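Asks: What follows is the residue order along each chain.
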Amino acid sequence: MITKMLDEEMWLAISGTALKVVLLTIGAYILIRVVRIIIRKSFSVRFKGPIKVTGRRHQTLSKLLENVVTYVIWFMAMVTILSLFSINISGIIAGAGVVGLAVGFGAQNLVRDVITGFFIIFEDQFSVGDYVRINQAEGTVQEIGLRTTKVQAWTGEIFIFPNGNVTDVVNFSLHNSIAVVDLSISHDSDLAKVERLIMEFLETVQPNYEEVISPAELLGVQNMTATEVVMRLTAETLPMQHFGVARRMRRDLKEFFDARGVELPYPRMVVMHREPGENMADAAVVKK
Amino acid sequence: MITKMLDEEMWLAISGTALKVVLLTIGAYILIRVVRIIIRKSFSVRFKGPIKVTGRRHQTLSKLLENVVTYVIWFMAMVTILSLFSINISGIIAGAGVVGLAVGFGAQNLVRDVITGFFIIFEDQFSVGDYVRINQAEGTVQEIGLRTTKVQAWTGEIFIFPNGNVTDVVNFSLHNSIAVVDLSISHDSDLAKVERLIMEFLETVQPNYEEVISPAELLGVQNMTATEVVMRLTAETLPMQHFGVARRMRRDLKEFFDARGVELPYPRMVVMHREPGENMADAAVVKK
Amino acid sequence: MITKMLDEEMWLAISGTALKVVLLTIGAYILIRVVRIIIRKSFSVRFKGPIKVTGRRHQTLSKLLENVVTYVIWFMAMVTILSLFSINISGIIAGAGVVGLAVGFGAQNLVRDVITGFFIIFEDQFSVGDYVRINQAEGTVQEIGLRTTKVQAWTGEIFIFPNGNVTDVVNFSLHNSIAVVDLSISHDSDLAKVERLIMEFLETVQPNYEEVISPAELLGVQNMTATEVVMRLTAETLPMQHFGVARRMRRDLKEFFDARGVELPYPRMVVMHREPGENMADAAVVKK
Amino acid sequence: MITKMLDEEMWLAISGTALKVVLLTIGAYILIRVVRIIIRKSFSVRFKGPIKVTGRRHQTLSKLLENVVTYVIWFMAMVTILSLFSINISGIIAGAGVVGLAVGFGAQNLVRDVITGFFIIFEDQFSVGDYVRINQAEGTVQEIGLRTTKVQAWTGEIFIFPNGNVTDVVNFSLHNSIAVVDLSISHDSDLAKVERLIMEFLETVQPNYEEVISPAELLGVQNMTATEVVMRLTAETLPMQHFGVARRMRRDLKEFFDARGVELPYPRMVVMHREPGENMADAAVVKK
Amino acid sequence: MITKMLDEEMWLAISGTALKVVLLTIGAYILIRVVRIIIRKSFSVRFKGPIKVTGRRHQTLSKLLENVVTYVIWFMAMVTILSLFSINISGIIAGAGVVGLAVGFGAQNLVRDVITGFFIIFEDQFSVGDYVRINQAEGTVQEIGLRTTKVQAWTGEIFIFPNGNVTDVVNFSLHNSIAVVDLSISHDSDLAKVERLIMEFLETVQPNYEEVISPAELLGVQNMTATEVVMRLTAETLPMQHFGVARRMRRDLKEFFDARGVELPYPRMVVMHREPGENMADAAVVKK
Amino acid sequence: MITKMLDEEMWLAISGTALKVVLLTIGAYILIRVVRIIIRKSFSVRFKGPIKVTGRRHQTLSKLLENVVTYVIWFMAMVTILSLFSINISGIIAGAGVVGLAVGFGAQNLVRDVITGFFIIFEDQFSVGDYVRINQAEGTVQEIGLRTTKVQAWTGEIFIFPNGNVTDVVNFSLHNSIAVVDLSISHDSDLAKVERLIMEFLETVQPNYEEVISPAELLGVQNMTATEVVMRLTAETLPMQHFGVARRMRRDLKEFFDARGVELPYPRMVVMHREPGENMADAAVVKK
Amino acid sequence: MITKMLDEEMWLAISGTALKVVLLTIGAYILIRVVRIIIRKSFSVRFKGPIKVTGRRHQTLSKLLENVVTYVIWFMAMVTILSLFSINISGIIAGAGVVGLAVGFGAQNLVRDVITGFFIIFEDQFSVGDYVRINQAEGTVQEIGLRTTKVQAWTGEIFIFPNGNVTDVVNFSLHNSIAVVDLSISHDSDLAKVERLIMEFLETVQPNYEEVISPAELLGVQNMTATEVVMRLTAETLPMQHFGVARRMRRDLKEFFDARGVELPYPRMVVMHREPGENMADAAVVKK
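Protein chains in written order, with full-length UniProt numbering: chain A, 1 to 288; chain B, 1 to 288; chain C, 1 to 288; chain D, 1 to 288; chain E, 1 to 288; chain F, 1 to 288; chain G, 1 to 288.
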């Protein structure tokens, strides 16, 4: 009777196990289908916004993701089914674990890139067309991708860097820029007269430069070295127009001063001559 | 009878399992509801203070968080329910673990950013409008966000950096600043006379400059090089007014000295001439 | 009877175990076969594209991978079989775990290299023949490999670096380049006349240089130092032609100016002479 | 009868479980109460010493800690209660583990800051009012906090940095300082006479400077370059008085030397003239 | 009877356990033998290729590896046997785990070195005799070892570095090199004439230099500074012959120019003299 | 009867559990007592040697350690007791694990500091009073502590750094030092005569300087630049006496040479004059 | 009867447990004895070779290791015994795990140092007496220890660094060195004559210098700047004799040239004078 009971139990167990195997297989299959559809939808919907993903890459990435997910789900299902037959799966798990560890570590940069990329767009740190400086790259943002960003320098080269490397962003396109012109004048100059001339010149700036949006200013004496007095002039311009405005101001200022006969200083040096004969006689610098 | 007992037991087990499944599902649902409400409340209440979160982002972030939490809770519930059917879930856990590991590592920067951001506000290290220097960024704080901080340089560009990068903060707006002016005078000058003149000048500083809040001082001879003696002058000013005050002091000092006929030194050099003919004859430097 | 039952159970268990051992061995064998075929196929199919893998390496890598996979699968099978005999395999797993840990850590660079390499090709950051700058390496891309990239400098040396080191790519071959020529002129020069001459010269650039694809421009006064005024000229060229164009423009400009008698400035200095006798007498710089 | 036994057992199990739930809930509640009281006491007692915690922050931090502890204890209690109902909690633990991992990694900086902060105070590395240099920050310590330290530079700006960044401390306030004055004299000078004069001057230092606490010394010839001989003078002063003392010594030394007619050297150069005509003729440097 | 059954069961268990112990011991012994033979074979066969392992080291390393493997296998066997006696081995495992962790972390550099070393040889990045630059080391590769590489500088010193440090390799021996000679000429020179002379000289290069494998070229005006015009000449040479060729070209060019009376420029400066008397009078730079 | 048996079993279990609780509590209590005594003994005995621990800190650290140990042991005991009541303690362990992880990571620097500190003393790398350079700190070792080392610079400031930062130690007090004096002489000098004079001078060094312990040497011509020939003189001195000896040697050498009428060189320059009129005429550098 | 059976079983269990405790205690004791003997033997035998371990340290280290091993084995034994009484030891393990984690991380540098140290000796990278450069340390290797290496600079100071910091070794003692002498000659010189003279000089080198082991060579014109032509001379010397040989060659070369009346060049400059009056008139650089 007990044998019968065992039989009955065994059959119960066997049929239960068979049922579980079937259910797990179906469940895994359905899960894969669902995940695939989600992936496809996400790709066709979500990244329509500021991220530019070309068609070809779109497809490649979508398929890659589908493959990875399919493999992972089937692996889980197989492991679970094996464990139904009371087979200790520690070995399999451990083997997969070492691979998983290496991949997990190796892939952390990838995850970091995507997370940072998400925040760049979410926080609107910069957008396509902005003039930015990010690490060594300085130029116009050309493309903000899932994993990398492209910036074009003014001399034509393209900087491509992973988003995870974007830590300190300098964005020049969000606010008006300030054009800064430093003017060296000689110590011999009459400071008051020079200032008067500069003020006269500055009044001509805003009317003549359309990119300048407020009256140009004379900040004052920025520096006073042994050879020159440095005057600093500033002008608020539209974003990123300060390079051009500063160039033009330098040119106009030079012409303005030339026309009025103001000389800009060359380096100067006072030279005291001593004859070779004087050399040692003179050595007793300590006079008396 | 034993079969009957087994039946009874089985039915007990089945009904117990069914109950647990229902309870778990309901519990998970309620938990999600509660967590969602907490998230929404937190967002509408807590960050009213110094952090500026615009409406749109507010909503996005709140929804993102809700989604993540919903997915995580359902995942846990599903795993727990599966385990009720005596299905070994090691496989699922292991699979989720590798993903979790990669995400955990990738997200640690995010956590670090938010924790540091919390402490910046909590410790009031700086607030919007302060003039600060943080790494390469120097300028006025424009916005302290959940994850990033924005600083505007005086020339208009915006620095954007994650809070986790904020290690050494230099805040210029908490205390009065000191304007420092270094004045080079010639070695030939009569030091006592020059000092007398400087003292005379310094007495005119506080009355004429409204940003200077205590009498300007002559620190003394800061340096003595082969070509010049450097005198250092200081004036305590309102926070961040020291750039302007130093510029004006340099200008006024120059005018003051010019008016009194004091010459500032050009680099000097003593030149000893030797004729080409002398060249080799003279080679016996060791005389006698 | 119970002994009999135990016997029966035991035989059941023994036969079950034997069955499992056989099944596991066969399963492992089949798995290895399948994986090997997949590896071979992948190697002969997938990397036909932009990655250049020579025949010999192809074979070596393929065999290496097959060996590693074979060892790993047999190890898992053995561990699983041992566990069927109720032998605690924690010791084996732990031993393998330490080795796995060291290998996992040591191999993470390898994984990172391959992942980054995949993205370089997938995102088309650069391709063979492009002129790029990656860290210290600057030159023409010669080969993009599974793990490393080779770049040939213009002076002939080859830079070889793992793909994981490729973070910031500067690609010069994607867009037109800008040739930049800086021209120093003397402060004494008549700026307007010089500008007129430069404009005259620039008109001759596009017609005479086939690599220049738009009229050359005079950007303006880039800098104004104590000794010179720096004028900047630019010309848009085909990608990577800017070095040659700039060289030729400098040459032609020099000839153009020489022909018209314009002098380029040598460094200038104003020298004031003082006699040694004057030295101390003159010390009272503060006159009167 | 067996059914009855099962019933009895079941009721025993149910009542036992119920008891455990009640006990766990009460235990958790009591534990929270106790921990809260400990936190409050710690905050009001322990940090009275050298750490300055303002009232408001005190309260905020104390509440924050209480909240965190409360959440953690309730989470543990819930998990333990769930496990009483034979619900496998691996899923919950795993979920919490990923979050915990990210938080644990993200929070390690925080822990490091507090540990280092504890040691700064415990080892008395510096205290409020000391003049220190820590990384780029140089100035007077203003506040040593739980997590950060504040240092005020002499020009007014405040440096704020986490204690974990404090590795190399330079403390200027623990010992007397040495004022160092380097004096350049001409190669033509009579060294013995100059030394005699310097010794004469140094004797006047300690009597006239109250910050100098031992006779000033002439260290000797520190350097001998092509243009000058550098003599080094030192004077031991009270802590941090060396800047002021060195400035005053430079000034007094200059006056002392001026009064005795000793000239300090300008850079010198020997110039050999060659006529343009000599140029090529002379080319045969190899004479004969 | 039950006692008897227990006895029987016990004896079964005991005999089974004894059997397992014997089997495990024998298995471990055989495994060690096998692994040892594999190690010896690998050492005598595999590294015959490009890696140079001297006899003595060969033996040492082989023995070291044998010892480590022997210890590890016996440790695993012991742990497994202990677990057969139902002794909880967590303690042992944990103890070994901490040691394993430290060793695993400490050894990861070793693993990294060997993996990178394998790839250097497998990818043929450089081989013995190549002239390479790797980090600070520049010279001829002397030996590529299991863990380290040796490079001999041209001045005789040997650089020894672990392969894991080899990230960016610069290999000079794979392609022809380019000898680069920069020639400074005076602004006063007649550019066309100089170019004609250089072209004349370049035609003599390939016929006279056997290492030069294509006609030498005049690249053009590389730079134009305030004092000189820099002309760049290049010649393609056999690998690593560019240093010698450039040296000889410089010498021959100098002789060629000297023979034709072309002068190379000394630095030039325009000096404007002002008398000390002029000094202040002239101060009104703003004329009129 | 079965109920009775269950009762009996239950009472056995209950009494066993009670016994275990009591035993565990007592064991924990005794363990704490023992550990405390060990801590106290260690503190009063072991660190008497080279480490300087002041009384106050001694006590603080000893108490801190006692507290930590007490808390840890009670925590373990509680967890073990809870587990006796079949309460799943995974939750508690997991909670403690996250805290432990953060603390473990945060504390690793501490452990590293103490381990390195131990080796500094054990290997006698330096001891109190030695003159060392460790990273930026250069000066006399003042204190070697458990966690940090203090070094006093010669100008009075104290460097305090954790022992874990001590990687490269430069110890100046273990061996005799070498005083190095570089002497520039003019190219015009008669090298043989100068050498003879230097040799003559060097013979006077050892007899007159008590810190010099072997005859001073003339190393030879260290460098030969366009303006000077540099002769290097060395003298072996007692440890750390080389600064003083070099200073005195420079002084005596100067006096020695002055007495014998040897001139030390000023920078020299050959100047070729060209008149402004010559400028363009001369432009045809290519003569003929 | 069942009670009796239980009794019997219980006694069996109790006696079995007691047996296990005794066996474990004895096993641990024996293990400790064995390990101690192994440690002592290793210390007295193995490190006799190239590593220098003084007697005192020998003993200290050996005792330290013995203590650590003793503690670890007793801890494992205790944990195993506790687990025999069905006491859940997770708490203890977890507690020990956190400590182990911190120690494991903290100790990884130690492990790394020893592993690298082993390879330095095993690969014979350098040995005592070699002249090496390792990071900032340059000098003669004085001692290669278990954990650190000591290098003595030629000026007497000792560099002490952990072996783990030894990555890039530069060993100067393995091969002959090359003495390099750069000789600047004037552009005015007759290159062929100078070369003839140098060749004449070089022939005198090998016969007169015993450290020179092959004829000295004239490499050629290394550089050609605006002021000088640089000729490079080399001579192969015994290892590390190149400093002395180069010094002597410079001296002899100078004497050789002086004797033959060859002048070495001073920096030259062409000066064009312009009178202040010319200043503005001349401004029209654009002539005609």
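Hints in this document: simulated from the structure, not taken from any laboratory. Incorrect hints may appear among the rest.
[Stated by the list, open to error] As a list, the in silico EDC-like pairs of lysine to aspartate or glutamate whose alpha-carbon atoms are at most 20 Å apart:
hint, chain 1, residue 1, chain 2, residue 2
1, G, Lys254, F, Glu143
2, C, Lys63, E, Asp252
3, F, Lys193, G, Glu195
4, D, Lys254, B, Glu203
5, B, Lys254, A, Glu211
6, G, Lys193, G, Glu203
7, E, Lys193, C, Asp182
8, B, Lys193, B, Glu203
9, G, Lys254, F, Asp190
10, F, Lys193, G, Glu255
11, F, Lys63, D, Asp124
12, B, Lys193, D, Glu255
13, C, Lys254, E, Asp124
14, A, Lys193, A, Glu211
15, D, Lys41, B, Glu203
16, C, Lys254, C, Asp182
Here the structure is a predicted model, which is why all the values come from computation and not from measurement.
Asks: Hint by hint, note whether the structure agrees.
Replies: Evaluated hints:
{"no.": "1", "hint": "Lys254/G with Glu143/F", "in the structure": "violated (52 Å)"}
{"no.": "2", "hint": "Lys63/C with Asp252/E", "in the structure": "violated (56 Å)"}
{"no.": "3", "hint": "Lys193/F with Glu195/G", "in the structure": "violated (27 Å)"}
{"no.": "4", "hint": "Lys254/D with Glu203/B", "in the structure": "violated (25 Å)"}
{"no.": "5", "hint": "Lys254/B with Glu211/A", "in the structure": "violated (34 Å)"}
{"no.": "6", "hint": "Lys193/G with Glu203/G", "in the structure": "holds (16 Å)"}
{"no.": "7", "hint": "Lys193/E with Asp182/C", "in the structure": "violated (24 Å)"}
{"no.": "8", "hint": "Lys193/B with Glu203/B", "in the structure": "holds (16 Å)"}
{"no.": "9", "hint": "Lys254/G with Asp190/F", "in the structure": "holds (10 Å)"}
{"no.": "10", "hint": "Lys193/F with Glu255/G", "in the structure": "holds (11 Å)"}
{"no.": "11", "hint": "Lys63/F with Asp124/D", "in the structure": "holds (18 Å)"}
{"no.": "12", "hint": "Lys193/B with Glu255/D", "in the structure": "holds (11 Å)"}
{"no.": "13", "hint": "Lys254/C with Asp124/E", "in the structure": "violated (48 Å)"}
{"no.": "14", "hint": "Lys193/A with Glu211/A", "in the structure": "violated (28 Å)"}
{"no.": "15", "hint": "Lys41/D with Glu203/B", "in the structure": "violated (55 Å)"}
{"no.": "16", "hint": "Lys254/C with Asp182/C", "in the structure": "holds (12 Å)"}
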